[in-house]
Amino acid sequence: MQALLKKLRIDPYLLLLAGTVALAAVLPVQGRAAEVFGYVTYAAIALLFFLYGAKLSLQSIGQGLLHWRLQGLVFLFTYAVFPLLGLGIAFLGRGHVADELLTGLVYVSLLPSTVQSSIAFTSIARGNVPGALTSASVSNLVGVVITPLLVAAVLGAHTGGFNLQSLVDIAVQLLLPFAVGQLCRRWLAPVLKAHPRLTLSVDRGAILLVVYSAFSAGMVAGIWSSVRPADLAWVIGLCVLLLAIVLWLTTFLGRHLGFNRADRITLAFCGSKKSMATGIPMAGILFAGPAVPLIVLPLMLFHQIQLFACAFLAQRWAREADLAEAREAADGAPAARSPAA
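In the working numbering, the protein residues as written are 1 to 341.
The set of hints was computed from the structure by calculation and includes no laboratory data.
The reader is advised that the hints may include incorrect statements.
Said to hold, decoys possible - Distance ranges between label pairs, derived from CB positions:
{"#": "1", "residue 1": "A244", "residue 2": "V191", "range": "22 to 32 Å"}
{"#": "2", "residue 1": "I236", "residue 2": "L84", "range": "14 to 24 Å"}
{"#": "3", "residue 1": "L84", "residue 2": "R255", "range": "14 to 24 Å"}
{"#": "4", "residue 1": "A22", "residue 2": "I305", "range": "16 to 26 Å"}
The C-beta atom is built at its ideal place from N, Cα and C for all residues, glycine as well.
Given these sequences and hints, build the entire structure.
Here is the structure:
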């Protein structure tokens, strides 16, 4: 089965995501079990950020930040360009899509970048992995503060404005485990380096848990029955449009600002991705009421769309790098690197 999926270039994780949604539709967790499952999900997210903290060295962050042009551009896309585009895309859907779904679409644009998948795709495509590590990690750290502030400023009517307690709750769930991980780094870093798939497994497992929890809550509350097929089609189309615009802009600016191939790849992946592992727990804190599952639906859809698109691009750019290296070996002299897109 895995050989067939590899041949078809389908990530098994995408099938797991689809299966998790189907399981929540058929067998949603509810009642006392849902309360217990909520604690398990909370712990899984905390564990994920603990491992991020244990894995990331402050020295690598410092070295990555020296490439200030790359880091600055990724930050600009994540917290300025993306929100502006999100507002514009949501405006296109006004009158065609339910308000909660449009709120969710804007919320997607305010989130930090992913960590694990940004680094993984950058590595596959032969990009600047240290730069991706720094960009994605710093994005999530500052996102603990910046995202709630942006949500309050842009979506204040849906959240009741800025709430200091919300910021504290997010910091306790995400930032505190990261800090504890940093304190334990001396002992855990060698283990995580020797077993690189451990963090990836926790990352994907945590996301599957939050997806199952969110979709289950929606099923129990009867939210999904209010989502029309037309609404779903609009949201998918708007998510595709949003991602396509950002990918084009990051690629275009990367070329015209003189970044090398490796840095252009890092900019494209880190500047265009949004974190579901961070976004869904934040949504549960920042938004109240039964509409939360609807608000996070665009994030779930965007997450899967970005995985498909970035997996395709990573494989394409890796093949281009292989061809360039083969030409170098055949010619006996360095060949010009193929463009990142």
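Evaluated hints:
A hinted range of 22 to 32 Å is violated for the C-beta pair A244 and V191, which are about 40 Å apart. Between I236 and L84 the beta carbon distance is about 21 Å. The supplied range of 14 to 24 Å therefore holds. Here the CB-CB span from L84 to R255 is close to 21 Å, well matched to the stated 14 to 24 Å. A beta carbon spacing of about 18 Å between A22 and I305 agrees with the range 16 to 26 Å that was offered as a hint.
Hint 1 from the list above is the single one not met by this structure.
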